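Each chain, written out:
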Amino acid sequence: MGQTRWGQTWKQVVRYRALLFMMIPGLIYLVINNYIPMAGIVIAFKDINYAKGIFASDWIGLKNFEFLFKTNDAFIITRNTILYNGFFIILNTVIAIGLAILLNEIRNAVAKRFYQSIVLLPYLISMVIVSYLVVAMLHVENGFMNNTVLPLFGIDPIAWYSKAEYWPFILTIVNVWKNIGYLCIIFLASIVGIDHEYYEAATIDGASKWAQIKSITVPLIMPTIIIMTLLAIGRIFYSDFGLFYQVPLNSGALKSTTDVIDTYVYRGLMQLGDIGMSSAAGLYQSVVGFVLVLLSNYIVAKKDRDQALF
Amino acid sequence: MRSNEMNQTALNIFMVVLTAACLLPFLLLIISSFASEQSIIKLGYTFFPSEYSLEAYKYLWGESSSLLRAYGITILITVIGTSVGLTISALLAYPLSRGVLPFKYFFSFVVFFTLLFNGGLVPTYLVYTEIFHMKNTLLALIIPGLLTNGFFILLIRTYFATSIPVPIIESAYIDGASEYRIFFSIVMPLSLPILATIGLMLTIAYWNDWFNGLIYLTEPRLFSIQNLLNRMLTNIQFLQQNSFAGNNASAIAANLPTNAVRMAMAVIGVVPLLCVYPFFQKYFVKGLVVGAVKG
Chain A
365 MGQTRWGQTW KQVVRYRALL FMMIPGLIYL VINNYIPMAG IVIAFKDINY AKGIFASDWI
425 GLKNFEFLFK TNDAFIITRN TILYNGFFII LNTVIAIGLA ILLNEIRNAV AKRFYQSIVL
485 LPYLISMVIV SYLVVAMLHV ENGFMNNTVL PLFGIDPIAW YSKAEYWPFI LTIVNVWKNI
545 GYLCIIFLAS IVGIDHEYYE AATIDGASKW AQIKSITVPL IMPTIIIMTL LAIGRIFYSD
605 FGLFYQVPLN SGALKSTTDV IDTYVYRGLM QLGDIGMSSA AGLYQSVVGF VLVLLSNYIV
665 AKKDRDQALF
Chain B
89 MRSNEMNQTA LNIFMVVLTA ACLLPFLLLI ISSFASEQSI IKLGYTFFPS EYSLEAYKYL
149 WGESSSLLRA YGITILITVI GTSVGLTISA LLAYPLSRGV LPFKYFFSFV VFFTLLFNGG
209 LVPTYLVYTE IFHMKNTLLA LIIPGLLTNG FFILLIRTYF ATSIPVPIIE SAYIDGASEY
269 RIFFSIVMPL SLPILATIGL MLTIAYWNDW FNGLIYLTEP RLFSIQNLLN RMLTNIQFLQ
329 QNSFAGNNAS AIAANLPTNA VRMAMAVIGV VPLLCVYPFF QKYFVKGLVV GAVKG
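Protein chains in written order, with this note's numbering: chain A, 365 to 674; chain B, 89 to 383.
Just so you know, not all the hints are guaranteed correct.
Calculated cross-link-like contacts (lysine-lysine; reagent style BS3-like; alpha-carbon spacing at most 30 Å) [unchecked claim]: (1) B:Lys374 with A:Lys476; (2) B:Lys130 with A:Lys527; (3) A:Lys667 with B:Lys374; (4) B:Lys374 with A:Lys666; (5) B:Lys192 with A:Lys375; (6) A:Lys573 with B:Lys374; (7) B:Lys130 with A:Lys667; (8) A:Lys578 with B:Lys374; (9) A:Lys476 with B:Lys370; (10) A:Lys427 with A:Lys416.
Please keep in mind that the hints were generated in silico from the structure rather than gathered at the bench.
Just so it is clear, the structure is predicted and the values come from calculations on it, not from any experiment.
Start from the sequences, fold in the hints, and give me the full structure.
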C-alpha cells in the first residue's frame, strides 16, 4: 500500500519535473536570503569572534540578553518603537479615512485624480530625498522654519537637530506626510466599491451627508480598516528605518526620542561593532514580531476567514 | 442644489491646500537650488530668494562624471534587479498556482513563512558579507532586494491561479507543448497586468534603495545616486574628496556654494521620478491596491 503511494508520488514528480525545476532559482534565493539568516539567529547566544569564525565562536547562553536588558536601552527602544508605531497607526488611519471620504465626494473626476496622485507622490520618493526636504525646513542657520516661519511669530531660532523634545512631532508629521497617500488610496478603493443604491435610498429617506458617512460608508469599509490596522499591529515591532535614522541625520543628541529597535540594531552592528548586543536586540525583535503577526492574524481569521493571511 | 455647489467649492479649496502641502517642500527644494549663496546666507532657504544663480548647477556640472557614474549604477541595478527579480518570482509563483504540483503545500509554506519570520539585520548582514563576500560589490546592491520575501510571489501566484483558465493549460499540454513552452507562450502573455505592476514596484524599490549601499558599501566608486545623496547630506565636500575626474578640487573648495549645492543635488536626485510620475501614476495606484488586498 505504502509502496504504491510512494510510487504514485514519484510518478507525479517525474511527470511534473519541469514545474519543480522552475522553482529552483527562487527557492535557492529564499534559502540564502531568508532561511540561512533565520538559522543565524543563534549568534545571539554566542560570543562572536571573527578569528574563530561565526559558527565556531563560543556559546555564552543568555549573556547578550542579560547585557541588553540590564541597561536602560532595551526599555527606551521598546517604548519608542511601540509608542511611535502605535500612534502612527491610529493617526494615519483616521486621517486617511477622512481624506478618502472627502476625495470620494469630489465630483470632478479630473480634479479627483489629480489630488489623489499628488497626495500619493511623497510615498514614492526615497527617505534620503525626504531628509533633504526636512533639512531645507529645519537647518539651523538656513532652514525655512528658523528664517521665515519662526520670525513671523517672534520666536528665536531653534537648534532642531540637537533638541530631542521636538522630534516626536517632527517624525509624526514626516510620517503622515509621506505615508498618508498610500493608506488613502487603499480606503478610497474600498469606498468606491460600495453599492450606490445604499446612498440613493438614504437620500430619499432624507439622511444628511454626515449621517450617510457615519451609517453607510464607515461601517461598509470597516473590514478594510480592521484588516489594515491588524496587519500594522502585527508589524508594530518593526519601524521605518529611514524615518528614524535618516531624517534625524543619525544625530546622537536626538537618540532619546528617535532611537527605535531597528536603529539600535543597526548602530550596534555597523557603528559600535557590538554584534552580541545587536543580535540579541534583533532576535528580541524577530521573536516578539513573530508572535504579534501570529496573534493579529489569529484575530483577523476570527473576524473574516477570507482576509486572513493563513 | 446651491448648497451642494458651495460644498464642492469648499471641498476643492481644502484639497488644493492639501496638495500644496504635499508639493511645497519640493518647490522649496527646487527654488533654493537656484538661489545664490548670498541669498541663502541672508534669507535662508526660501520661496523668494533675493538673488538667483546657477552656481550650484555649474559646480555639479564640473562633477558630472561622478554624478553620471552614480546614475549609471542606479540604472544598472534597477534594470538587472527588476528583470531578474521578476523572472525568479514568476518562475516560482507559476508552479505554486498549479493544483498538480507535487508537495504543493510544503513549497507554499516555504514561501509563505518568509513573510512571518525573518532573521533580522545581523544574521543577514553576516551571511552576505562573511559567507558570500559581497561587501563592496555591486551584487550587494542587487541580490538582497531581488525577492526580499515571498509577498510578491504570493500576489503573482494568486493572479495565475484566478485569471488563467486551467483548460487552456491542459489543452496546450495535450497538443504537445512542454511546461516551459506553456509558461512562456501562454501564461506570461496572459499575465502582463500583474507582471507590469510587480515590475513597477520592484523598479521603485531599486531606484530608491539606499539601505543596501549604506550597510554593504564603503567604496564611493560603487555608490548609487541615493548613496551619493545620502553621503552628501552630512558631508557636502564628499564629492570633491572623492572626485573621480581629478580636477582642481582645492580651487573650487574655496568658494563652493555649499548650501545651494546641497539642494541642487537633491533636485538632481528627485527630478527623474517627478518627470515620469505623471505617466505611471495610474499603474502605481493599481499596484498599491493590488498589494494591499490579500495575496
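Do the hints match the structure? See the list:
About 16 Å separates the Cα atoms of B:Lys374 and A:Lys476, which keeps this hinted pair within 30 Å; it holds. At most 30 Å may separate the alpha-carbon atoms for a hinted pair to count; B:Lys130 and A:Lys527 meet this at roughly 24 Å. This hinted pair checks out: A:Lys667 and B:Lys374 have alpha carbons roughly 26 Å apart, not beyond 30 Å. With a CA separation close to 29 Å, the supplied pair B:Lys374 and A:Lys666 stays within the 30 Å bound.
Distance hint between B:Lys192 and A:Lys375 is fulfilled; the C-alpha atoms sit about 15 Å from each other, no more than 30 Å. Proximity of A:Lys573 to B:Lys374 is assessed by CA-CA distance (about 28 Å); at most 30 Å being required, the pair is judged to hold. Restraint check: the Cα-Cα separation between B:Lys130 and A:Lys667 comes to about 59 Å, which exceeds 30 Å; the hinted pair is violated. With a CA separation close to 27 Å, the supplied pair A:Lys578 and B:Lys374 stays within the 30 Å bound.
As the CA atoms of A:Lys476 and B:Lys370 are separated by approximately 13 Å, the hinted pair is consistent with the 30 Å bound. Distance hint between A:Lys427 and A:Lys416 is fulfilled; the C-alpha atoms sit about 19 Å from each other, no more than 30 Å.
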